[in-house]
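Novice: Given next are the chains, with one letter for each unit.
There are 2 protein chains.
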Amino acid sequence: MDKRSLFIAVHAGAGTHAKDNEPIYKAVCKAACMQAMALLQERKSALESVTAAVAVLEDAECTNAGLGSNLTMEGKVECDSSVMDGKTLFFGAVGALSGVKNPIKVAHRLAEEQKLGPLPLGRVRPSILVGNGAQDFCKSCDFDVRSNMLSKTAFKTYNRYKRKYQLAELSLTQPKKMRPNSNDTSSDWSRDEGGVQDTVGAVCVDHEGNVAAASSSGGIWLKHSGRLGPAAIYGAGCWAQNQVSASKAGVAAVTSGCGEHLIQTLLAKTCSDAIRSSADLSGSLASVFRDDFLGSEFLRNTDKKFGGVLAIKTNLDGSGREVELSWTHSTASMCIGYMDGGNKSPSVFVSRLDDSVIPGKSYTLGGHMAS
Amino acid sequence: MDKRSLFIAVHAGAGTHAKDNEPIYKAVCKAACMQAMALLQERKSALESVTAAVAVLEDAECTNAGLGSNLTMEGKVECDSSVMDGKTLFFGAVGALSGVKNPIKVAHRLAEEQKLGPLPLGRVRPSILVGNGAQDFCKSCDFDVRSNMLSKTAFKTYNRYKRKYQLAELSLTQPKKMRPNSNDTSSDWSRDEGGVQDTVGAVCVDHEGNVAAASSSGGIWLKHSGRLGPAAIYGAGCWAQNQVSASKAGVAAVTSGCGEHLIQTLLAKTCSDAIRSSADLSGSLASVFRDDFLGSEFLRNTDKKFGGVLAIKTNLDGSGREVELSWTHSTASMCIGYMDGGNKSPSVFVSRLDDSVIPGKSYTLGGHMAS
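The listed protein sequences derive, respectively, from chains L and E. So the mapping is simple: the working numbering equals the position in the first sequence, first residue as 1, plus 1. So the mapping is simple: the working numbering equals the position in the second sequence, first residue as 1, plus 1.
Watch out, some of these pointers could steer you wrong.
Any copy, or any two copies together, can satisfy a pair, since identical chains are not distinguished.
Using 25 Å as the maximum straight-line C-alpha spacing, the simulated DSS-like pairs for lysine-lysine come out as follows [to be verified]:
#1 Lys88 / Lys362
#2 Lys362 / Lys116
#3 Lys249 / Lys116
#4 Lys163 / Lys362
#5 Lys116 / Lys305
#6 Lys140 / Lys163
Quick caveat, the hints were computed from the structure, so don't treat them as lab data.
Construct all of the structure, not just a fragment, from the sequences and the given hints.
Specialist: Spelled out as structure tokens, the structure:
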């Protein structure tokens, strides 16, 4: 096995990363890459490896997933999480799941169980479980279920936003002169430096050339209890399909940003479909992001569209395997890490939009070739 | 307004309809069409009219939606329901929702509220709510929420399947000679005449030429609590997009059948995309159903694929509006009703696969042109 054909890439959210916090985000992306690469070196599957990478991201308090998840309006943690296996094309997801430290491991379990075939009487196994039913499934599989999970950071963010929200609501019901300071009712959450990170994710290639993708999110702050976000939705948060022929490359993609916009454009699948049938990864990612996300007819009434995509493409040719990575985002920043099996440590960095352009209206693009 | 340009089509599930029960299914499809047409004649929107049609189907005890919903393994009703508006492209859905008589009205409410724009602080409104959070939303909107909803029919079906399931489970854990009669552990649920109907749905065209689609389901019998089915999933259960140019026809489609297969193929969106960019409705529906459902790489390990689609296409040309209807199914049967504004009463019928072909492997196709 050529170790260089192993590949992992992760991201800690497309959003707004405060410059002061960069070292924290980079450290967690590095740890996630190292964890996944250790498994890949042991010939573990792509699906297991992306799950492990996302579990590391979930365990970090600085990300909006698992432990650091944003709270609902009622102050609870409700997580969305999903995996897709490029080899079997099975998808597993949980939504609005409370009390579980690593929702991604539950999504992985649901995808793995589908390999066992139907249940007695030909009943098809579920691929997506939500709410209390998802929690019951966790208990039956011996996942540790606690009454609630709150991190200090998430609780502080919750209190800050709840206060802002109450002031904003007040301003809608009160006469103008009684309204609080307009700074407190800003309608542009993207400007709240450091407070907004979205869905995290990972994509990888294992020793057999299989691809997989995984994503996890605590959802938007002060979300409605029971709100399902893109990380739980087929085609929105993650997508993976192995290479099946010379003209159909392997692809794995994960998305992040404003949830409802990722859902309405089924962004992970839409980008994957475009990448898969094109020879040019970066070119196809740029054009599909521009036309089918920023220019989408589904978002025509939305002024600013916040999204990010991290994608890999595999190509088998006579000289061996080739893995290409590309990313794009219209959010102010996106924290990314990646490495192949020949590297000792991952490359980690925060990609930022140019100061001269407007987040939500412009995008930036980057890429890397490993072979 | 030319009344003939109004159009409604409904279906009471793609599954296995016992011949003895045909009059009951036809009567409920007729009532659903009449209800929707009455609203369309009052110049109500396509979205309101499909919602009303599906509410009639939900109220009937013979359908697997609303009142007649299949029960979960624990004996509870948990409904999935969604609407899509071809004009605004907004989608609203509820999943794993208990205690609400008409889940479709809640999905409709979620789609309607999106027209009001973002909440204070730029928070995007949710499009999909599940479980207890969805139930809390219903309470806050004055929907009547009961502790549980059980119909006599559903309870009888539940007991029958639960007994069969327990016998089947027993047969897996017991030595072969102790296994119960193999008739009781049949692995082919599609053969259980009259006991299996899936997701119901409606598509329509209003006086402005807008299209809309709606679907609702109680899910598979003995489903895992919290299991999300296609009727709650964007792109799987329903899809609608207005005509935007001569080459982009208006289309609305609803699907039914084995839930996980409809999800994995995002069948409503996949069919709509194909129909929308083709001049030939029936031809494109047949080829996309054959290639991307029965021949889907996502279902390559599935022996039999049970699905059904009901779709309309609108075309504006110089001589007025034209509406075309088509349906296809690989299930044994599908009960359908349709009418245009010039008809006094709807056409209702049960479409059946030829006795000579195998359900899940072959399909039948039908259509109607109204202009």
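Novice: Now look at each hint and say whether the structure bears it out.
Specialist: For each hint, the structure was consulted:
1. Within a single copy, Lys88 and Lys362 get their C-alpha atoms only as close as 36 Å, which misses the 25 Å cut-off; across copies the closest is 24 Å, which meets it.
2. Taking the shortest alpha-carbon separations for Lys362 and Lys116, only the inter-copy value of 22 Å comes in at or below 25 Å, while the best intra-copy value is 42 Å.
3. Proximity of Lys249 to Lys116 under the C-alpha cut-off of 25 Å is restricted to the intra-copy arrangement: shortest distance 24 Å within a copy versus 40 Å between copies.
4. Within a single copy, Lys163 and Lys362 get their C-alpha atoms no closer than 28 Å, and across copies no closer than 54 Å, so neither meets the 25 Å cut-off.
5. With identical chains, the CA atoms of Lys116 and Lys305 are at most 25 Å apart between copies only, with a shortest distance of 17 Å across copies and 41 Å within one.
6. Taking the shortest alpha-carbon separations for Lys140 and Lys163, only the inter-copy value of 22 Å comes in at or below 25 Å, while the best intra-copy value is 32 Å.
Comparing the model with each numbered hint stated earlier shows that hint 4 is the single one that does not hold.
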